[in-house]
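Undergrad: Order-wise, the sequence lines are chains R and Y.
Everything in the first sequence is counted per our numbering, starting at 1 for the first residue and increasing by one.
Everything in the second sequence is counted per our numbering, starting at 1001 for the first residue and increasing by one.
Keep in mind that a hint or two might mislead.
What the hints assert, rightly or not - Cut-off 20 Å, straight-line C-alpha distance, at most; resulting in silico cross-link-like pairs (SDA-like, lysine to any residue):
(1) R:K107 - Y:S1096
(2) R:K3 - Y:R1009
(3) R:K3 - R:D29
(4) R:K3 - Y:T1103
(5) R:K16 - R:D101
(6) R:K107 - Y:R1064
Since the hints were made in silico from the structure, they are not lab data.
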Amino acid sequence: AQKITQTQPGMFVQEKEAVTLDCTYDTSDQSYGLFWYKQPSSGEMIFLIYQGSYDEQNATEGRYSLNFQKARKSANLVISASQLGDSAMYFCAMREGIRDDKIIFGKGTRLHILP
Amino acid sequence: DTGVSQNPRHKITKRGQNVTFRCDPISEHNRLYWYRQTLGQGPEFLTYFQNEAQLEKSRLLSDRFSAERPKGSFSTLEIQRTEQGDSAMYLCASSSADRGGWTQYFGPGTRLLVL
């Protein structure tokens, strides 16, 4: 079974609009971490935001916020005021348990920002 | 603070040849990870080190793959007798304890093409 599900293979959004990228996860651990990474065409994975399973507040980093709904096992990324430079692949990922041995990635969503 | 660096950025080789990739982590990061990413997929975990100790290896890491991290600094990933199925992006990441829950920071990757 997939641990991380990103149901939107691609999205087109008008510049300056807000965009929500969906992510659901599956784990039986009580302690886990959720990440979002951005991968431009150059290939580098850029860390955007992190949410711990015990964090009560939704994480925010500048224009990025993570809409964490624990009961629904959902960790959507919200980008406010999108910019042309936001066009990229976006990956949701999870670290299970308290050990940090690996991150499990979803298949990604390709975001296109239209001028 | 310089980021994670990887060399070479691109490698083209013929089937059956050996290749070696290098990763230099962020200084003082004691954990180093290798991932492989094929086209249209998210990265998949291969192995990770804490200092010089290799703590986990994925089943994806066949006997033809070997990774080292002598002295707990840079790491090398060697693929022997390359096959066309080894063509992928090889990503390195590093981490250390921080408020972000051992957030992994990635390098630019090495794109391998096996002809």
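Undergrad: If a hint holds in the structure, say so; if it doesn't, say that too.
TA: Outcome of the hint check:
1. A threshold of 20 Å between alpha carbons decides the hint, and for K107 of chain R with S1096 of chain Y the separation of about 26 Å lies outside it, so the pair is violated.
2. Restraint check for K3 of chain R and R1009 of chain Y: not satisfied, since their Cα atoms lie roughly 30 Å apart, outside the 20 Å limit.
3. Annotation: proposed proximity of K3 of chain R to D29 of chain R holds, straight-line Cα distance about 12 Å (limit 20 Å).
4. Distance check on the hinted pair: K3 of chain R and T1103 of chain Y sit about 19 Å apart at the alpha-carbon level, within 20 Å; holds.
5. At most 20 Å may separate the alpha-carbon atoms for a hinted pair to count; K16 of chain R and D101 of chain R exceed this at roughly 38 Å.
6. Of the pairs offered as hints, the one joining K107 of chain R and R1064 of chain Y is violated, with about 26 Å between alpha carbons and a cut-off of 20 Å exceeded.
Taken one by one, the earlier hints fail for this structure at numbers 1, 2, 5 and 6, listed in ascending order.
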